[in-house]
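Chains as they are written, first to last, in my numbering: chain A, 233 to 345; chain B, 11 to 120.
Note that these hints are calculated values from the structure, not bench results. Some clues are possibly wrong.
[Unchecked claim] Calculated cross-link-like contacts (lysine-lysine; reagent style BS3-like; alpha-carbon spacing at most 25 Å): (1) B:Lys112 to A:Lys289; (2) B:Lys107 to A:Lys303; (3) B:Lys107 to A:Lys297; (4) A:Lys250 to A:Lys289; (5) B:Lys107 to A:Lys301; (6) B:Lys112 to B:Lys32; (7) B:Lys107 to B:Lys75; (8) B:Lys19 to B:Lys112; (9) A:Lys289 to A:Lys301; (10) B:Lys19 to B:Lys107; (11) B:Lys75 to B:Lys19; (12) B:Lys83 to B:Lys19; (13) B:Lys67 to B:Lys32; (14) B:Lys107 to A:Lys289; (15) B:Lys67 to B:Lys19.
[What the hints assert, rightly or not] So, partial list: chain B residues that the calculated Cβ filter (under 7 Å) puts toward chain A: (16) Glu42; (17) Arg53; (18) Leu54; (19) Leu56; (20) Ser100; (21) Asp106; (22) Lys107; (23) Ile108; (24) Phe110; (25) Gly111; (26) Lys112; (27) Gly113.
In this text, a Cβ means the ideal position worked out from N, Cα and C, and glycines have one as well.
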Amino acid sequence: EAQVTQNPRYLITVTGKKLTVTCSQNMNHEYMSWYRQDPGLGLRQIYYSMNVEVTDKGDVPEGYKVSRKEKRNFPLILESPSPNQTSLYFCASSFGGVFNEQFFGPGTRLTVL
Amino acid sequence: AQRVTQPEKLLSVFKGAPVELKCNYSYSGSPELFWYVQYSRQRLQLLLRHISRESIKGFTADLNKGETSFHLKKPFAQEEDSAMYYCALSGRGGDDKIIFGKGTRLHILP
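With the rest of the complex left out, here is chain A:
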């Protein structure tokens, strides 16, 4: 089944403890992206990647890192999480670029205490 998967789906952690949220897609999509969803703020793009080894900042990249070593994977790294990064995170992928339909993952609910 063609899909985007994220792990973990739920995570509670403490301030400063490094964590990684994985994202994987099996559709051979070039474009991958991370978003955070917060009440009243909608979806905001964190980082995106047009292809392997090509990443760029979205609107809210501060406090996050990404890497794109393989086409199918696009992990989101929080080196030193803080409570203001408590949010619902979505990964998405699309064929070709942002103008094509993005397929979203199920979301990862992160709580930073």
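We have chain A; now place chain B onto it with these hints.
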């Protein structure tokens, strides 16, 4: 700067009545507009995009460059239309960023 405004947080409409979800944008270049929808317990998914000029599930959206709007319309609301709707914008010929609005929750009343 790119900006997408959805002025209504919540819109309640009776079943069978027309629906209009408003979206206004600010962009200096040539925009590409989208509507994404999130039904309860389902993933966010594309509903329609300007470039395709299609009608999905009875919804249509027209890009009005004069008013910088991309309102989503449906002539007769159905209960299964209840969902969260996001308008989004990306710029042609620019980077591959996308900006989402804050979303409008559509509630169809029986």
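Structure-based check of all given hints:
{"no.": "1", "hint": "B:Lys112 to A:Lys289", "verdict": "holds, 20 Å"}
{"no.": "2", "hint": "B:Lys107 to A:Lys303", "verdict": "holds, 19 Å"}
{"no.": "3", "hint": "B:Lys107 to A:Lys297", "verdict": "holds, 17 Å"}
{"no.": "4", "hint": "A:Lys250 to A:Lys289", "verdict": "holds, 20 Å"}
{"no.": "5", "hint": "B:Lys107 to A:Lys301", "verdict": "holds, 20 Å"}
{"no.": "6", "hint": "B:Lys112 to B:Lys32", "verdict": "holds, 12 Å"}
{"no.": "7", "hint": "B:Lys107 to B:Lys75", "verdict": "holds, 20 Å"}
{"no.": "8", "hint": "B:Lys19 to B:Lys112", "verdict": "holds, 8 Å"}
{"no.": "9", "hint": "A:Lys289 to A:Lys301", "verdict": "holds, 17 Å"}
{"no.": "10", "hint": "B:Lys19 to B:Lys107", "verdict": "holds, 24 Å"}
{"no.": "11", "hint": "B:Lys75 to B:Lys19", "verdict": "holds, 23 Å"}
{"no.": "12", "hint": "B:Lys83 to B:Lys19", "verdict": "holds, 16 Å"}
{"no.": "13", "hint": "B:Lys67 to B:Lys32", "verdict": "holds, 18 Å"}
{"no.": "14", "hint": "B:Lys107 to A:Lys289", "verdict": "holds, 8 Å"}
{"no.": "15", "hint": "B:Lys67 to B:Lys19", "verdict": "holds, 22 Å"}
{"no.": "16", "hint": "Glu42", "verdict": "holds, 5 Å"}
{"no.": "17", "hint": "Arg53", "verdict": "holds, 5 Å"}
{"no.": "18", "hint": "Leu54", "verdict": "holds, 4 Å"}
{"no.": "19", "hint": "Leu56", "verdict": "holds, 4 Å"}
{"no.": "20", "hint": "Ser100", "verdict": "holds, 5 Å"}
{"no.": "21", "hint": "Asp106", "verdict": "holds, 4 Å"}
{"no.": "22", "hint": "Lys107", "verdict": "holds, 6 Å"}
{"no.": "23", "hint": "Ile108", "verdict": "holds, 5 Å"}
{"no.": "24", "hint": "Phe110", "verdict": "holds, 4 Å"}
{"no.": "25", "hint": "Gly111", "verdict": "holds, 6 Å"}
{"no.": "26", "hint": "Lys112", "verdict": "holds, 4 Å"}
{"no.": "27", "hint": "Gly113", "verdict": "holds, 5 Å"}
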